[in-house]
Structure formats: structure tokens, C-alpha cells
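In terms of this note's numbering, the sequence shown is residues 1 to 322.
Since the hints were derived computationally from the structure, they do not count as laboratory data. Source: prediction; values computed, not measured. Some hints here could point you the wrong way.
Pair by pair, the computed Cβ-Cβ distance ranges are [to be verified]:
no., residue 1, residue 2, range
1, E146, P38, 25 to 31 Å
2, R316, D84, 22 to 28 Å
3, L17, G130, 51 to 57 Å
4, D67, E39, 20 to 26 Å
Below are the SDA-like pairs computed for lysine to any residue, each with C-alpha atoms no more than 25 Å apart in a straight line [unchecked claim]:
no., residue 1, residue 2
5, K61, L295
6, K150, P206
7, K150, D98
8, K150, A85
9, K262, R282
10, K61, Y267
11, K150, H35
12, K61, L307
13, K150, R317
14, K262, V58
15, K262, V276
16, K61, E96
17, K61, E95
18, K150, A135
19, K150, R316
20, K262, E95
21, K61, H35
22, K262, M273
23, K61, E92
24, K150, A166
25, K150, G237
26, K61, V276
27, K150, S77
28, K150, A26
29, K150, I266
30, K262, R317
31, K150, L183
32, K262, L183
33, K262, S279
34, K150, E96
35, K61, G148
All C-beta atoms in this analysis are idealised placements derived from N, C-alpha and C, irrespective of residue type, glycine included.
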Amino acid sequence: MTDPSPKAARRPGEQALAALGLGAPALSPADASLHAFPEGGRWRTEIPSCEGPEALAVVLKESSRLDVPIHRISQGSGIWMLTDAEITEMVEATEERDIELCLFTGPRGTWDIGGSTRTDSRGGGLRARGHDAVAGCLEDAIRATELGVKCLLVADEGVLWTLHRARVAGIIPADTTLKVSALIGPVNPAAYAVYEQLGGDSINVPSDLTLDHLTEIRRVSAAPMDMYIEAPDDLGGYVRMYEVAELIRRGAPLYLKFGLSKAPGIYPYGHHMRDVTLSTARERVRRGRLALDLLARHGADGDMAPLGSRLPGTLRRFDIPS
Numbered sequence: 001m002t003d004p005s006p007k008a009a010r011r012p013g014e015q016a017l018a019a020l021g022l023g024a025p026a027l028s029p030a031d032a033s034l035h036a037f038p039e040g041g042r043w044r045t046e047i048p049s050c051e052g053p054e055a056l057a058v059v060l061k062e063s064s065r066l067d068v069p070i071h072r073i074s075q076g077s078g079i080w081m082l083t084d085a086e087i088t089e090m091v092e093a094t095e096e097r098d099i100e101l102c103l104f105t106g107p108r109g110t111w112d113i114g115g116s117t118r119t120d121s122r123g124g125g126l127r128a129r130g131h132d133a134v135a136g137c138l139e140d141a142i143r144a145t146e147l148g149v150k151c152l153l154v155a156d157e158g159v160l161w162t163l164h165r166a167r168v169a170g171i172i173p174a175d176t177t178l179k180v181s182a183l184i185g186p187v188n189p190a191a192y193a194v195y196e197q198l199g200g201d202s203i204n205v206p207s208d209l210t211l212d213h214l215t216e217i218r219r220v221s222a223a224p225m226d227m228y229i230e231a232p233d234d235l236g237g238y239v240r241m242y243e244v245a246e247l248i249r250r251g252a253p254l255y256l257k258f259g260l261s262k263a264p265g266i267y268p269y270g271h272h273m274r275d276v277t278l279s280t281a282r283e284r285v286r287r288g289r290l291a292l293d294l295l296a297r298h299g300a301d302g303d304m305a306p307l308g309s310r311l312p313g314t315l316r317r318f319d320i321p322s
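Given these sequences and hints, build the entire structure.
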């Protein structure tokens, strides 16, 4: 645990507004998260939607140019959209920089033949439809981890539980981390706790949750939280940069995800999407620099977790039937 008090950090416009008689109420220690990452620090960074070795190279080059520290890089199209050689190239490049690489597992309902995902109710959503889809996700997981991938991105509760059981059984490495996708992110503390118990090591919540919602979640779970500071349009397009310091105070341990609004969707990626994929990869890193600059201006840029740290700490799990 770390001290959740705001210390010398200031809120946006604080002094100027106070001088005009518009000062905000003091922050309450009662609504702050008491949790941190196991190696120390309250926030890590993630660059999402990095769809292959070429986009990864752009991200790494731009992060060096803009001095943006990166803990995790994630991909959204899926493991099955990459060749073994491409996965190996991405693993080697991220290992060289001590960055965690997270790849998405298996089939999803929106790309399946079922029509329910195209109805107004969006029935079925991103879940894995049927036994074969779960099997595909597991095969993706085995293939990726054999190639050196240490983090898997999951969009189905059954797949999450299956992969957790697989790592306990030694089918995939025990230190594989499982990241719950923003596409199915929980919106209340009870659901968040269930994802932790099912095996989630890093749980993406929708970017429209309020600050109070984050506090409510932190009262029941210490599992690391992922949150788009800027969300893609298909996830709402929210831009919450000025709230970054308070999001950390309420939601730690927190991954700051630097997405991009007003950009076309790029999943599933192929070379026909090359130009937009590389340009948006570059801009995501720049958005990260803008958010980090805001933290620095507000004196709230301390407590970043050490670069290279990736494990979630001790979490609660459902018992696995014998």
C-alpha cells in the first residue's frame, strides 16, 4: 500500500480558480485507492492497437523520440492474424526494451457467422460462440506463449476461466498474465470482482465510468485496472486527459491506455490498412506524451511503477474443481 494523499500535487486550474473564489472542495482521503503494483508505483502505461511488427517499430521509435515510458504494448486484431515470424519479431523487440507484449486471443462473435451481433441488441457481443471458438482461443494462447508472448487479451468470461485453469495446469506458463478486454469491461464492483476471481490479472473498465465508480471498485478489488485515457470512437471517443491524476488517485493500480478518437477502426489488420495503422500508432504515443506532460505540470507524475514490471501481485481466484 502507498500513501493516497495528494501531497504537493495540484488539480487543473486550482490556484487561479481559488483566486477567483471558485476553489474546489478539498480531496477526501476516503475516496482514494489504497492499492499499488507489487513492485511499487500506482500507474503503468500501455499503447494499444499495435497491430504488427511494423506498427510496433513505429511505436518504439516514437516513444524514444518523445521520451514516453511504456510498460505494455497490446494488439487488437488477434494472434491468428499474425505469422509465427511476426510474433517472434514482436516478442524480441519488446523483450529488448523490457516491455510486456499482449496479444488478443481467438475468434470473436462479431466476426462469426451468427447474426445476433448485428441486431440492435448486439446479442452475443464479443464472446466466443460455441465450443470451437473457445478451442480456437486456447490454441491461440498455446501458440503465442510457445513463441514467448507473456500476456493474453481476452473478451469472453469462459475463455478467461479456461486460460486461468490452463496456466494452473501448466498447459501455458504459470506467469502468463490475462488481460480482460475493454470490449467486455465490467461496470460495477461486483462484476469487477468476478473477473478477478475468474483469472483476470488486468481488467479494462469502460472509459465512461465516473470517479466514484472507480472508488467503489477499489473497495472490493485490488486487481490492476486498465482505462483508456482517450478512447477509440467505437468505445465512446471519451478524452479524459485532465482527469489523469484523479483517475490514478481513485483507480490505482492503473494502466493508462493511450487510445485515439476520430480514427477509423483497424481490426482485423492487414496491409490494406497500413498507412492509417502506422500513422495512428505514432499519434497514440504522442497522446501519451501529452498526458504525461499534464501529470508533470500538476506535480502528479510520481509513483510510476518501475519500467519492466508486469505482474499483478496476489489476487483472489475461484477454487478450481479437482
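Worksheet entry | Restraint check for K150 with S77, where alpha carbons must lie at most 25 Å apart | 17 Å, holds
Would you mind confirming whether the straight-line C-alpha gap from K61 to G148 stays at or under 25 Å?
Since the Cα atoms of K61 and G148 sit roughly 22 Å apart, the hinted pair holds (cutoff 25 Å).
What's the verdict on K150 and I266, does the C-alpha distance respect the 25 Å limit or exceed it? 24 Å, holds
* Asked: Is the Cα-Cα distance between K150 and G237 25 Å or less?
  -> 29 Å, violated
Given the hinted pair K150 and D98, is their Cα-Cα distance within 25 Å?
Judged against 25 Å, a Cα distance of about 12 Å means the pair holds.
Exercise. Given the hint that K150 pairs with P206, does the C-alpha gap stay at or below 25 Å?
Worked result: Holds: K150 and P206 sit about 24 Å apart, inside 25 Å.
Decide if the proposed pair is consistent with the structure: K61 and Y267, CA atoms, cutoff 25 Å inclusive.
At roughly 23 Å apart (the allowed maximum being 25 Å), Y267 and K61 satisfy the hint.
Quiz item: Between K150 and E96, is the straight-line Cα distance small enough, at 25 Å or below?
Solution: 14 Å, holds
Inset, instruction - Take the C-alpha atoms of K262 and E95, compute the straight-line distance between them, and say whether it is at most 25 Å. - result: 31 Å, violated
Quiz item: Is the Cα-Cα distance between K61 and H35 25 Å or less?
Solution: 32 Å, violated
Inset, instruction - Using the Cβ atoms, figure out if R316 sits within 22 to 28 Å of D84. - result: 36 Å, violated
- Pair hint outcome, K262 versus V58 [Cα-Cα no greater than 25 Å]: Within the cut-off at roughly 20 Å; holds.
Taken one by one, the earlier hints fail for this structure at numbers 2, 20, 21, 25, 28, 30, listed in ascending order.
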